[in-house]
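2 protein chains.
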Amino acid sequence: MPVGTVATVKGVPQDILEDLGTQIILGNTYHLYLRPGVETVRRMGGLHGFMSWPRAILTDSGGFQVFSLSELRKITEEGVTFRSHLDGSSHFFTPESAIEAQIGLGADIIMAFDECTEYPADAARMRASMELTARWAARSKKYFEEHKSEVPWKQYSVPSTQYSVPSTLYSASATDGGASLLSKDNRSEKSDNRVLSTEYCSTQALFGIVQGGMDRALRKESAERTIEIGFPGYAIGGLSVGEPRELTREIVESTLEHLPEDKPRYLMGVGTPEEIVEYANLGVDMMDCVLPTRAARHGLLFTSEGKVSIKQARYAQDSGPLDPNCGCRVCQRYSRAYLRHLYASNEVLAQVLNTIHNLSFYLDTMQRVRHSISLGEVSRFPSAVWSRPKA
Amino acid sequence: MPVGTVATVKGVPQDILEDLGTQIILGNTYHLYLRPGVETVRRMGGLHGFMSWPRAILTDSGGFQVFSLSELRKITEEGVTFRSHLDGSSHFFTPESAIEAQIGLGADIIMAFDECTEYPADAARMRASMELTARWAARSKKYFEEHKSEVPWKQYSVPSTQYSVPSTLYSASATDGGASLLSKDNRSEKSDNRVLSTEYCSTQALFGIVQGGMDRALRKESAERTIEIGFPGYAIGGLSVGEPRELTREIVESTLEHLPEDKPRYLMGVGTPEEIVEYANLGVDMMDCVLPTRAARHGLLFTSEGKVSIKQARYAQDSGPLDPNCGCRVCQRYSRAYLRHLYASNEVLAQVLNTIHNLSFYLDTMQRVRHSISLGEVSRFPSAVWSRPKA
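Line by line, the protein sequences give chains A and B. For the first sequence, the tail end lands on 404 under the working numbering, and the numbers increase by one without skipping. For the second sequence, the tail end lands on 404 under the working numbering, and the numbers increase by one without skipping.
Keep in mind that a hint or two might mislead.
Calculated lysine to any residue pairs in the SDA-like style (CA-CA distance at most 25 angstroms, straight line) [unchecked claim]: (1) B/LYS23 - A/ASP28; (2) B/LYS23 - B/SER97; (3) A/LYS23 - B/ASP32; (4) B/LYS23 - A/LYS233; (5) B/LYS155 - B/PRO257; (6) A/LYS23 - B/GLU90; (7) B/LYS161 - A/GLN330; (8) A/LYS324 - A/ARG310; (9) A/LYS23 - B/THR89; (10) A/LYS23 - B/LYS324; (11) A/LYS23 - B/LEU145; (12) B/LYS154 - B/ASP32; (13) B/LYS324 - A/VAL361; (14) A/LYS23 - B/GLN330; (15) A/LYS233 - A/ALA136; (16) A/LYS161 - A/ASP275; (17) A/LYS23 - A/ASP377; (18) B/LYS161 - B/LEU145; (19) A/LYS23 - B/LEU313; (20) B/LYS23 - A/ASN359; (21) B/LYS154 - B/GLU113; (22) B/LYS154 - B/GLU259.
Facing chain B, from chain A, some residues (calculated, C-beta under 8 angstroms) [said to hold, decoys possible]: (23) SER322; (24) GLN325; (25) ALA326; (26) LEU362.
Restraint-style ranges between C-beta atoms, simulated for each label pair [unchecked claim]: (27) B/ALA136 - A/GLN345: 34 to 44 angstroms; (28) A/ARG327 - B/PRO395: 48 to 58 angstroms; (29) A/GLU131 - B/GLY255: 57 to 67 angstroms; (30) B/GLY50 - A/ASP32: 26 to 36 angstroms; (31) A/LYS87 - B/PHE394: 55 to 65 angstroms; (32) B/SER387 - A/ASP298: 55 to 65 angstroms; (33) A/ARG393 - B/PHE105: 53 to 63 angstroms; (34) B/THR94 - A/SER81: 28 to 38 angstroms; (35) A/GLU390 - B/HIS384: 56 to 66 angstroms; (36) B/GLU159 - A/ARG327: 27 to 37 angstroms; (37) A/HIS98 - B/ASP100: 26 to 36 angstroms; (38) B/GLY50 - A/LYS87: 48 to 58 angstroms; (39) A/PRO257 - B/PHE105: 52 to 62 angstroms.
Hints were generated in silico from the structure; no laboratory data involved. None of these values were measured; they are calculated from a predicted model. The beta carbon of each residue, even a glycine, is placed where N, CA and C say it ideally should be.
One chain only, chain A, in its complex shape (with noise of 0.2 angstroms):
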């Protein structure tokens, strides 16, 4: 899920990611509560009106950023008191009102108020930790079925007709778990947006997430707590805090045991392309990661033959496109030699093609790895090459 964090993907126009075959983007609560606020996002229909975004939007509790953004931030049984980083104004996050909020921007999937567990933590603190993430995540679902239906799809209005409804075919549904999400037909990439309209799901889908730091114990027992309040799908989060790579993939291998094989899994805030396969292959179906993004602005471009790093002198006048095996309208285009000049010269455009070429090979990746799934087979690429740099 590329990141759209104020309702954009940093640089690249809708239009685009359609056509490089994004079916979901994840929007940050915590920013768009702060700027343009939920209220704005409401009137024009949620975030899919709002953004004109007629697929798959998800969005997260904003418990996350609470903790690695805002100042002076207060944790209590009710909620987190924090600072807004843009004005240092003051606001307090209950899972009552992070689950309001993502009502109001009316994503399909939102997120359970959480408490991401620091690393490294005691055990005292991953227990504590732990078991308020579970009393939040009860009265984050609490709070949502008493208040989904004020979900503000019927308003949704764009100026253009072809975008009259979100989301139909990619919305999770309450009823069926979120499989619908993955019963899409993936193989056609670019999907005409107006058959995917006429009837929609009418709420929205909440998902629970399983904390419990780097203890197996206390994610067995984290994920038999959210399974036990019962949620159409489930998250894994808490990971990718600065543990050792071998670590996490303990832990979400050995978490993974614990939940649903017939709901959506989804481990959050990972990962580099060879991550992604790997956690695939161990059962994954959603990721989101600012990796491709934020990379892709600092002239990190992943590529079949390893890590480019753009602005390197190397690449002044070499002709070649970027990955000789991508099928992006960047690689299909434009040398390495003008894109080294376009980051060097701190050019928009810079930002903006090498977040499409990272974002093409993300989705690539990711549609190939489902093409192996339904093969029944393995993924198996030299994707232990990707995560290196390029020789």
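Using the hints provided, position chain B relative to the given structure of chain A.
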């Protein structure tokens, strides 16, 4: 001609420029000479190959930017010594080196090296400057005639086979005086680039520039002396340098009387949407201005209802399109509220979408002027509305 300063029209990928019906873009020799350097561009087959632009390109001589951007300029009969605004390094431009650089960059149309007379200037200054430009024009042409075969078009090489030859039908050849530039069927906005290949002009076209400040008699003399040297096209330089607009029009109208009717007439550095219609009606054939692109980056958008400053609070929840009479991809998809949000959030997509719209507005305006011309009519648009703030 959209301005693509350092081989990019800021934020807009080349395929979108093509979709907008862009026939020709402008590159700045001063900037490209400094970065990435003429040699790099030459080795990529010139600007067409370097930036993957198969349509027409015009480069200015660098003269204007030397005056407006660089430090410690010293002008002699020989040329101009200046320091780069990038790193303070010292450089020397002459008519010969300016033409040499432009040959290496390989644009279809290149400009004589001139002195842009400052404003205001007294009679003696205007005369001296005009005469220097005339002597430099002769030197420019002499150098060009001796070296024009060095244009790097035959070394054109890009990753995709789709762009094999530059700007065939758009090239203004030395023999037909640029008439082919204007005879291209302008009704088809979306040309398949591939049909433009297979044959191309073997050399560039060098245009002369008329100076003479704000003195009609000097302008007449400058025109006559430039025509006497002989060029396939003529530009009017040294305007829009701070003079009152009524004076600009007066000098344009007066100078045009002395330029041949059967060669392109290029008015440099203008203008607002109102002005480009006005000057086209007077007989100007080509214009360039950073206004549409630069204003876009500042959230100032030209619409059929007047200028919109998209950052204004009044648009925060406006679900309507930016310009209800515009068919561009921005107005067909996004709301004012979203565009405002992007701009307020300092998002790259704001720059991208705003620029696409403003260019669309300018290019569509010129398309309508061409249509009027073909009907033998003077363009009658409510263009007086366009340059005023929207009510």
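- prompt: Does the structure break any of the earlier hints, and which numbers would those be?
  reply: Numbers 4, 5, 6, 9, 11, 12, 22, 23, 24, 25, 27 and 34, in rising order.
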